[in-house]
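J.: Produce the entire structure from the sequences given, and follow the hints as far as they go.
One-letter residues, chain by chain:
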Amino acid sequence: MIVAEDYETVADSRRSHPAQRVLVLALIGVLLLLPLWVYPVLLMKLMCFALFASAFNLLLGYGGLLSFGHAAFFGGAAYVTAHALKVWEINPEFAILTGVGAALGLGLVIGLLAVRRQGIYFAMVTLALSQMFYFFCLQAPFTHGEDGIQGFSRGKLFGIVDLADSTTLYYFVAAMFVASLFAIWRIVHSPFGMILQAVRENEQRAISLGYSVQRYKLGAFVMSAGFAGLAGSLKALLFQFATLTDVNWHMSGEVILMTLLGGIGSIAGPIVGAGLVVTLQNHLATSGFPVTTVLGATFIVCVLLFRRGIVGELRHRLPAWRRK
Amino acid sequence: MTMILGMPLPVLTGQLLIGLINGSFYALLSLGLAVIFGLLRVVNFAHGAFYMLGAFTAWMLGQYLGIGFWGALLLAPLIVGLVGAVVERTMLRRLYDLDHLYGLLFTFGLALLLEGLFQHVYGASGKPFSAPEAMKGVVRTDFVTVPIYRGWVVIASLVLCLGTWALIEKTKIGAYLRAATEDATLVQAFGVNVPLLLTLTYAFGCALAGIAGVLAAPVFQVSPTMGSNLIIIIFAVVVVGGMGSILGAIATGYLLGIVEGLTKVFYPEAANIAIFIIMAVVLMLRPAGLFGKEY
Numbered sequence: 001m002i003v004a005e006d007y008e009t010v011a012d013s014r015r016s017h018p019a020q021r022v023l024v025l026a027l028i029g030v031l032l033l034l035p036l037w038v039y040p041v042l043l044m045k046l047m048c049f050a051l052f053a054s055a056f057n058l059l060l061g062y063g064g065l066l067s068f069g070h071a072a073f074f075g076g077a078a079y080v081t082a083h084a085l086k087v088w089e090i091n092p093e094f095a096i097l098t099g100v101g102a103a104l105g106l107g108l109v110i111g112l113l114a115v116r117r118q119g120i121y122f123a124m125v126t127l128a129l130s131q132m133f134y135f136f137c138l139q140a141p142f143t144h145g146e147d148g149i150q151g152f153s154r155g156k157l158f159g160i161v162d163l164a165d166s167t168t169l170y171y172f173v174a175a176m177f178v179a180s181l182f183a184i185w186r187i188v189h190s191p192f193g194m195i196l197q198a199v200r201e202n203e204q205r206a207i208s209l210g211y212s213v214q215r216y217k218l219g220a221f222v223m224s225a226g227f228a229g230l231a232g233s234l235k236a237l238l239f240q241f242a243t244l245t246d247v248n249w250h251m252s253g254e255v256i257l258m259t260l261l262g263g264i265g266s267i268a269g270p271i272v273g274a275g276l277v278v279t280l281q282n283h284l285a286t287s288g289f290p291v292t293t294v295l296g297a298t299f300i301v302c303v304l305l306f307r308r309g310i311v312g313e314l315r316h317r318l319p320a321w322r323r324k
Numbered sequence: 001m002t003m004i005l006g007m008p009l010p011v012l013t014g015q016l017l018i019g020l021i022n023g024s025f026y027a028l029l030s031l032g033l034a035v036i037f038g039l040l041r042v043v044n045f046a047h048g049a050f051y052m053l054g055a056f057t058a059w060m061l062g063q064y065l066g067i068g069f070w071g072a073l074l075l076a077p078l079i080v081g082l083v084g085a086v087v088e089r090t091m092l093r094r095l096y097d098l099d100h101l102y103g104l105l106f107t108f109g110l111a112l113l114l115e116g117l118f119q120h121v122y123g124a125s126g127k128p129f130s131a132p133e134a135m136k137g138v139v140r141t142d143f144v145t146v147p148i149y150r151g152w153v154v155i156a157s158l159v160l161c162l163g164t165w166a167l168i169e170k171t172k173i174g175a176y177l178r179a180a181t182e183d184a185t186l187v188q189a190f191g192v193n194v195p196l197l198l199t200l201t202y203a204f205g206c207a208l209a210g211i212a213g214v215l216a217a218p219v220f221q222v223s224p225t226m227g228s229n230l231i232i233i234i235f236a237v238v239v240v241g242g243m244g245s246i247l248g249a250i251a252t253g254y255l256l257g258i259v260e261g262l263t264k265v266f267y268p269e270a271a272n273i274a275i276f277i278i279m280a281v282v283l284m285l286r287p288a289g290l291f292g293k294e295y
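Residue numbers (the working numbering), protein chains in the order written: chain A, 1 to 324; chain B, 1 to 295.
No lab work stands behind these hints, which were simulated from the structure alone.
Among the hints, erroneous ones may be present.
[As the list claims (entries may be wrong)] Quick list of simulated restraints, FRET-style, between CB atoms:
hint, chain 1, residue 1, chain 2, residue 2, range
1, B, 133, A, 42, 53 to 59 Å
2, A, 286, B, 267, 43 to 49 Å
3, B, 93, A, 158, 53 to 59 Å
4, B, 136, A, 166, 58 to 64 Å
5, B, 166, A, 183, 54 to 60 Å
6, A, 151, B, 225, 25 to 31 Å
7, B, 159, A, 147, 41 to 47 Å
8, B, 174, A, 142, 49 to 55 Å
9, B, 225, A, 280, 17 to 23 Å
10, A, 34, B, 78, 37 to 43 Å
11, A, 208, B, 190, 36 to 42 Å
12, B, 122, A, 158, 25 to 31 Å
13, B, 225, A, 192, 37 to 43 Å
Yeah, the Cβ is synthetic: ideal placement off N, Cα and C, and Gly gets one too.
T.: Shown next, in the form of structure tokens:
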């Protein structure tokens, strides 16, 4: 078992506390106003990675499944979206849908194989299969190898709204981000999410209760892949390129670190973690300090000293934050 | 010229030899992983990094101290093993009581740390490392051309693999190790120093990766990323073979190396992914792996 957070029941989770609602609305308000002070491109990058980490957390935090291959969905969707925008020249909303569709398909294939094994084997299988996908991307002509896909325009959303302007794009990305997080929150607190957590806690017992455990795992895997794909598609749209970096295993490692650092198994954790890791990378990129080494060291410190992650530790240390 | 399946024989045997050499490294590394996992229940993601560390230590010994190949072959694994022992004593030890995934995550961080450090200091490009003078020639026969060094690598790794197997299956310390794998608490109750055994096992596994690194240094170049590319393939090998058996790990390593070599002859585009495809097929047909028992 990897980290146990709070337990709750369906009835519990359906009821959202008024204070929580106010907090969420306030945060959305901040999100709307933030580009007035902060560079929107940085904010969008943060949202893409926060969404990626949240998608990953859906699988690890609630399903208890550690995937070492999420870069395949993130990078794969980025490639497909970039290709759709550049070669097929379709509207961005369709390009994103195509990207997410590709991630879902890939998630289904990899998931079908991976859920046949558990624990560490699951991690190794996902890593190996995503590396296979990496080699595919390296050789397939449409990805343009080391160059990647670049030099396309973002196009017009629904054929009307031009996304070339970064403020316009910001509100589009923010809308997708909030909607996705809401969807993840709903999934986690749905009966499906409850059973998923039951499987995480005690697989044997879930089986004996008559649940088809493999199907729940696969369902979580595919959904997680889909959201990771959405994050990748948005990133491709934002930076107007898709490269091998996005499908590399380092990317799978980064998303694990984001989730671990922020806190596994909470909605806020991965967002905080992604924010920290992306900010750290931005700072290190200009300092000449080796990024990989720092990330590796952060990993080690996280695993040894605070496995609950930042949000998890805060919740644990501050009793007022604990759910009543 | 003799032809087999439409291929000239020397081409076929040449690729077979390359496959055998790759297979030697797969076998040595998956063996180390299996030994460590058997006792510690840790999937050592840093195994590739220790392999790289072995190669780099050999290169540094030559560069800064003028120690040749044979000296490095002896010293580098000792140094790598020592590093492994320190890692186990100071950090890895704390994770034994937790979910096995934390061991994987910790060693993943360690791998990133080591790889990043060497890349920062020595750059991403490969460093040449030459084979000992006595082994520079080639042996030619009608149907195969074998560079002496490469032939030696195959034999050395075979000896190391079988030696490790004998050490674990036939000696007293091996018996302790197997017993501790079954029930560590009981073995400790009999007065065996199990924590020390754990440290030694981890150090031994890392040293095996270190030897593989030194052996690999003249064949491939010495570069910071040489290990991380390999470890993913090793994971696939381990998934195919299962980590339950020492001989299984060795056999699967050689087998997949050879299959990969043959793929290069018949369908070169798929050579990179041949092992992963085999893994996928094995997962469909025999989810527990060829020699596996599920933990």
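J.: So which hints don't hold here, by number, going up?
T.: 10 and 12
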